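Protein chains in written order, with the numbering used here: chain A, 127 to 524; chain B, 127 to 524; chain C, 127 to 524.
In short, the hints are calculated from the structure, not lab data. Predicted model only: the values in this text are computed from it and were never measured. Heads up, a few of these hints could be off.
Each pair may be met inside one copy or between any two copies, as identical chains are not told apart.
Restricting the straight-line Cα-Cα distance to at most 20 Å, the calculated cross-link-like pairs of lysine to aspartate or glutamate (EDC-like) are [unchecked claim]: (1) K520 <-> D187; (2) K381 <-> D187; (3) K223 <-> D197; (4) K511 <-> D187; (5) K487 <-> E270.
Residues per chain are reported as follows:
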Amino acid sequence: MDKLRIEELIRSLARLDTKSMYNNDFFLTWEKSYDEITGTFAVAQALRAMRERNISTRIFDSGLGISLFRDQSTRTRFSYASACNLLGLEEQVLDEKKSQVAHGETVRETANMISFMADVIGIRDDMYIGKGHTYMQQVAAAVEDGYREGVLEQRPTLVNLQCDIDHPTQSMSDALHLVNHFGGAENLKGKKIVMSWAYSPSYGKPLSVAQGVVGLLTRFGADVQLAHPKGYEIMPEVEEVARQNAAESGGSFTKTNNMAEAFKDADVVYPKSWAPFTAMEKRTELYGNGDFDGIDKLEKELLAQNAAHKDWECTEDLMKTTKNGKALYMHCLPADISGVSCESGEVEASVFDRYRIPMYKEASYKPYIIAAMIFLSKVRNPSEKLFELLQADKKRVL
Amino acid sequence: MDKLRIEELIRSLARLDTKSMYNNDFFLTWEKSYDEITGTFAVAQALRAMRERNISTRIFDSGLGISLFRDQSTRTRFSYASACNLLGLEEQVLDEKKSQVAHGETVRETANMISFMADVIGIRDDMYIGKGHTYMQQVAAAVEDGYREGVLEQRPTLVNLQCDIDHPTQSMSDALHLVNHFGGAENLKGKKIVMSWAYSPSYGKPLSVAQGVVGLLTRFGADVQLAHPKGYEIMPEVEEVARQNAAESGGSFTKTNNMAEAFKDADVVYPKSWAPFTAMEKRTELYGNGDFDGIDKLEKELLAQNAAHKDWECTEDLMKTTKNGKALYMHCLPADISGVSCESGEVEASVFDRYRIPMYKEASYKPYIIAAMIFLSKVRNPSEKLFELLQADKKRVL
Amino acid sequence: MDKLRIEELIRSLARLDTKSMYNNDFFLTWEKSYDEITGTFAVAQALRAMRERNISTRIFDSGLGISLFRDQSTRTRFSYASACNLLGLEEQVLDEKKSQVAHGETVRETANMISFMADVIGIRDDMYIGKGHTYMQQVAAAVEDGYREGVLEQRPTLVNLQCDIDHPTQSMSDALHLVNHFGGAENLKGKKIVMSWAYSPSYGKPLSVAQGVVGLLTRFGADVQLAHPKGYEIMPEVEEVARQNAAESGGSFTKTNNMAEAFKDADVVYPKSWAPFTAMEKRTELYGNGDFDGIDKLEKELLAQNAAHKDWECTEDLMKTTKNGKALYMHCLPADISGVSCESGEVEASVFDRYRIPMYKEASYKPYIIAAMIFLSKVRNPSEKLFELLQADKKRVL
Chain A
127 MDKLRIEELI RSLARLDTKS MYNNDFFLTW EKSYDEITGT FAVAQALRAM RERNISTRIF
187 DSGLGISLFR DQSTRTRFSY ASACNLLGLE EQVLDEKKSQ VAHGETVRET ANMISFMADV
247 IGIRDDMYIG KGHTYMQQVA AAVEDGYREG VLEQRPTLVN LQCDIDHPTQ SMSDALHLVN
307 HFGGAENLKG KKIVMSWAYS PSYGKPLSVA QGVVGLLTRF GADVQLAHPK GYEIMPEVEE
367 VARQNAAESG GSFTKTNNMA EAFKDADVVY PKSWAPFTAM EKRTELYGNG DFDGIDKLEK
427 ELLAQNAAHK DWECTEDLMK TTKNGKALYM HCLPADISGV SCESGEVEAS VFDRYRIPMY
487 KEASYKPYII AAMIFLSKVR NPSEKLFELL QADKKRVL
Chain B
127 MDKLRIEELI RSLARLDTKS MYNNDFFLTW EKSYDEITGT FAVAQALRAM RERNISTRIF
187 DSGLGISLFR DQSTRTRFSY ASACNLLGLE EQVLDEKKSQ VAHGETVRET ANMISFMADV
247 IGIRDDMYIG KGHTYMQQVA AAVEDGYREG VLEQRPTLVN LQCDIDHPTQ SMSDALHLVN
307 HFGGAENLKG KKIVMSWAYS PSYGKPLSVA QGVVGLLTRF GADVQLAHPK GYEIMPEVEE
367 VARQNAAESG GSFTKTNNMA EAFKDADVVY PKSWAPFTAM EKRTELYGNG DFDGIDKLEK
427 ELLAQNAAHK DWECTEDLMK TTKNGKALYM HCLPADISGV SCESGEVEAS VFDRYRIPMY
487 KEASYKPYII AAMIFLSKVR NPSEKLFELL QADKKRVL
Chain C
127 MDKLRIEELI RSLARLDTKS MYNNDFFLTW EKSYDEITGT FAVAQALRAM RERNISTRIF
187 DSGLGISLFR DQSTRTRFSY ASACNLLGLE EQVLDEKKSQ VAHGETVRET ANMISFMADV
247 IGIRDDMYIG KGHTYMQQVA AAVEDGYREG VLEQRPTLVN LQCDIDHPTQ SMSDALHLVN
307 HFGGAENLKG KKIVMSWAYS PSYGKPLSVA QGVVGLLTRF GADVQLAHPK GYEIMPEVEE
367 VARQNAAESG GSFTKTNNMA EAFKDADVVY PKSWAPFTAM EKRTELYGNG DFDGIDKLEK
427 ELLAQNAAHK DWECTEDLMK TTKNGKALYM HCLPADISGV SCESGEVEAS VFDRYRIPMY
487 KEASYKPYII AAMIFLSKVR NPSEKLFELL QADKKRVL
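Please construct the entire structure, taking both the sequences and the accompanying hints into account.
Okay, here's the thing in structure tokens:
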């Protein structure tokens with residue numbers, strides 16, 4: 127992207143109202159206005175374009191970006207570290223096993239104790255329904271309180287790196303990928319976008335990717351369809367969000383229990399496994415009661431339930447039924463690839479292979495999306511600041 | 127704090143003799159002069175005030191701050207990482223499990239191998255009496271030797287992040303909290319400060335917090351009282367330090383085995399559990415002999431011994447007996463809170479809750495205290511340099 | 127080193143042809159030209175001299191240096207982190223246990239997912255014959271592809287931090303130590319340098335140190351002798367490399383199964399244990415077949431085989447037979463020291479002690495060697511850039 131195009135992008139940002147993002151957290155995309163969503167895209171694109179042109183976008187001379195991952199992660203972990211580094215923050219991992227969190231510290235206490243010099247806190251807590259989002263809100267309230275009381279010099283921004291409800295850094299990367307693929311957010315209007323369940327031999331994958339996708343992609347006037355076997359329902363609250371989004375954006379949100387119907391004439395397909403919401407609710411309750419026999423039993427039931435839907439696979443035959451046989455295939459990675467990472471899984475190997483590069487690009491937006499979320503929270507006049515950085519033209523690599 | 131107040135603070139620092147801190151380590155507070163102690167406070171306050179005003183205090187363009195934690199830690203770990211980052215150093219953790227330390231490396235060898243670009247080494251080694259401080263001295267001697275012999279380009283500064291004898295970054299934060307609470311170090315004169323043992327259902331908490339507190343707070347002319355049940359004596363050498371400090375500062379150092387007597391009319395109370403010194407000595411010996419049955423037996427004895435003193439709890443009733451019923455309650459955190467983190471513990475929940483914000487503030491000084499220790503060791507003319515940074519007014523967040 | 131000497135060093139670099147190192151990886155020293163090898167030394171020396179004079183050599187304003195260690199490490203780990211930090215990169219560790227690498231990610235996928243903002247990737251993978259080097263090549267191919275396809279904004283450089291074939295950051299540090307010890311690379315001509323096997327009670331030490339040493343030191347016209355008991359052969363391909371190197375450099379490469387013969391009149395001795403190549407091949411195969419009983423059996427055989435060669439120890443008596451009784455003793459550390467880290471090992475304690483400081487110096491080159499490898503890969507005109515940094519004279523410590 128040349129300098130003129132970057133300037134244009136920054137001017138488009140200046141026309142958007144993103145001021146509520148200043149000193150604010152990023153939990154759920156549907157809490158953000160359309161201007162805030164597209165403003166985040168604009169900042170992400172500008173940061174990326176400047177990096178490509180070897181222009182430093184470092185806005186912090188020092189400061190920490192804390193991360194807390196309660197689940198395994200490669201790409202989100204590295205994306206967060208990359209985003210922090212791009213802006214000048216050093217990542218510090220809160221490893222609960224090395225800390226004294228287990229020994230009588232409350233959320234409120236820990237949140238303050240790690241935040242004396244924290245500008246950002248990124249949290250991934252996606253395992254238990256009803257827990258992750260609530261935990262993030264508690265942390266946010268604690269640091270807000272700490273800041274007001276003079277304990278903390280700054281109020282760290284919280285970035286949701288995946289909770290039980292939403293996975294905004296993923297869905298925003300997915301959406302930006304689509305925006306670039308179709309040449310503009312306005313071109314998503316009328317596109318058929320399918321978020322489909324797919325079979326996986328592993329149990330208990332988080333619902334938040336599917337929820338995040340239908341909760342966000344319904345905002346651009348697209349026809350979003352959620353497809354899954356009976357019993358694999360997502361959270362009803364998120365379905366309601368998708369329905370309202372669609373109504374407001376002039377698109378639609380529909381559901382089907384038929385994968386073939388969903389793929390028919392689709393422009394975009396996103397086939398991915400997840401666990402049923404009600405099962406995850408039950409599991410959370412069993413954990414709460416310490417009923418580990420119950421959990422084992424539930425896991426076996428869920429695996430058996432999954433196995434009844436091995437036909438929910440994204441095959442070449444299904445892909446042929448999409449719009450001109452050329453729907454854009456998406457995945458948050460890693461995927462369960464039939465015959466590669468498992469015997470039978472979410473996707474046929476040849477389909478996956480064909481879309482490998484587009485999927486890597488899809489993933490490549492995440493560091494910039496996270497950096498944009500931080501930028502918009504920390505900079506009062508984002509378009510002015512971006513313009514300043516562009517003009518300063520300080521080299522990232524000397 | 128406005129700019130004039132910061133300048134005043136820096137001028138007060140200029141009048142103190144801190145030159146022996148240059149290129150020197152920070153092991154025990156009682157090895158430092160009164161000027162050096164209050165100089166550290168002044169630098170810590172100036173660094174904090176500048177950060178609050180968004181002024182960069184980065185003095186390193188590159189360089190590493192090594193950390194070695196032989197025990198779990200949240201706040202000291204994050205405080206150290208924060209301090210390094212504030213000054214421009216990147217933290218690197220020496221994780222003994224991931225390294226080859228266990229495979230035939232000597233302390234001398236490891237100390238040199240990690241220090242080629244290390245400006246600071248922070249160590250926490252508080253578990254075994256007679257070990258931690260000795261280990262830190264060995265590391266210091268090794269890097270001193272490596273520097274003299276041309277192996278190392280710089281001589282890394284050692285910062286004691288808690289040893290078997292002292293916990294200087296904690297006690298200095300505690301003291302700075304008191305200095306700010308009472309409006310100046312001179313106002314500690316004549317105050318009754320109580321370091322009291324308290325009951326905990328966990329065994330073997332380090333003595334170094336209690337020792338650090340009586341070893342430091344006796345230097346300000348306060349009436350420091352150490353309270354504990356019989357059998358919970360601290361190291362006699364540290365009691366002797368406290369006695370001498372009190373004599374020199376015009377305060378007093380007394381002991382009691384009666385918690386109620388200690389709390390009576392106290393201005394400050396610091397009730398916290400620790401293991402008896404003699405038991406820790408015995409434990410160290412048992413470890414040395416690999417006598418794990420002996421250790422198990424000792425642990426059971428200690429827990430039984432603790433349980434005989436459940437009445438050593440900081441209750442509302444006890445707090446009422448302090449000066450005007452309003453003594454400042456202190457704790458290094460995390461605390462054992464009765465009915466919250468354990469059935470019965472060090473402190474009644476309502477007392478703890480009432481002092482939550484002051485305790486968080488107490489903790490908030492630690493990153494700045496550590497940064498000040500590093501600053502004074504690395505900068506030949508600290509007041510000049512601080513003034514330079516203040517004038518340069520480089521923004522921490524652009 | 128004074129400024130004039132640094133300028134001279136930079137001018138000597140300007141006369142060397144290192145342009146193929148730009149945007150290139152560093153896998154095996156024998157893939158690099160003599161100019162590239164000595165150019166790496168020149169950059170390493172210049173970076174070190176500038177750091178000694180408190181001149182910043184930071185060329186990155188932001189950026190990540192990824193590390194992936196599949197084996198324990200202290201000095202290589204810290205050397206890599208130090209090198210990254212010296213140039214302005216933040217280290218990010220890819221910890222395969224914390225990531226989803228195990229869950230169906232391919233090498234190609236992971237390589238791209240961690241590289242969105244990675245300027246360098248350092249890998250240590252030395253355990254299985256036929257694996258490490260191949261793995262590194264796969265990673266390199268994956269990021270090359272990702273860069274060409276527009277997934278990555280930059281093409282991260284790969285640095286081999288030890289593979290199954292070579293350990294270039296070690297052998298280059300060893301060589302630079304010799305260059306400085308003898309006052310110039312030209313003075314290695316005609317020196318007798320002995321890479322000797324030595325007894326160790328531990329089994330399965332990597333061959334790559336021995337291979338790296340004979341594969342590199344044969345390039346300077348030295349008489350390199352490889353000594354080991356029968357059955358401890360290294361990879362035949364590397365012997366062939368050494369033979370060709372010697373032919374080209376006017377030196378020699380010989381082998382012996384007699385330690386005493388090797389030490390006789392040696393200028394340099396490098397006694398170190400390693401496992402036999404054929405045994406390592408067999409072990410790799412057993413692992414491939416999941417034959418853990420076979421592995422146990424092999425380990426026992428290897429330990430028994432080692433034990434038959436306890437006389438392969440670097441003793442004072444052997445050292446007396448070297449050139450004037452004063453050969454330079456070398457080791458990559460940590461060593462198995464008889465009576466210190468094990469009952470009987472690679473070296474007599476008094477020999478080791480006498481060479482402690484030289485060995486620490488040998489190790490001290492590694493961070494600068496790694497930094498030089500990165501520098502030459504990232505900077506198009508290395509001598510110009512070094513001169514610029516020297517003239518700019520920005521302070522590392524303010």
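Up to 20 Å CA-CA - E270 versus K487, copy category: Between. Shortest inter-copy distance 14 Å satisfies the 20 Å Cα cut-off; intra-copy 36 Å does not.
query: Is it within, between, both, or neither for K511 and D187, if the alpha carbons may be no more than 20 Å apart?
result: For K511 and D187, the Cα distance is within 20 Å both inside one copy (15 Å) and across copies (18 Å).
message: My question is about K520 and D187: at a cut-off of 20 Å on alpha-carbon distance, are they close within one copy, between copies, both, or neither?
response: This pair counts as both: shortest intra-copy Cα distance 14 Å, inter-copy 9 Å.
Up to 20 Å CA-CA - D187 versus K381, copy category: Neither, since 49 Å and 49 Å both go past 20 Å.
- request: Evaluate K223 and D197 at a C-alpha cut-off of 20 Å and name the case that applies: within, between, both or neither.
  value: For K223 and D197, the Cα distance is within 20 Å both inside one copy (13 Å) and across copies (11 Å).
The structure fails hint 2 only (numbered hints given earlier).
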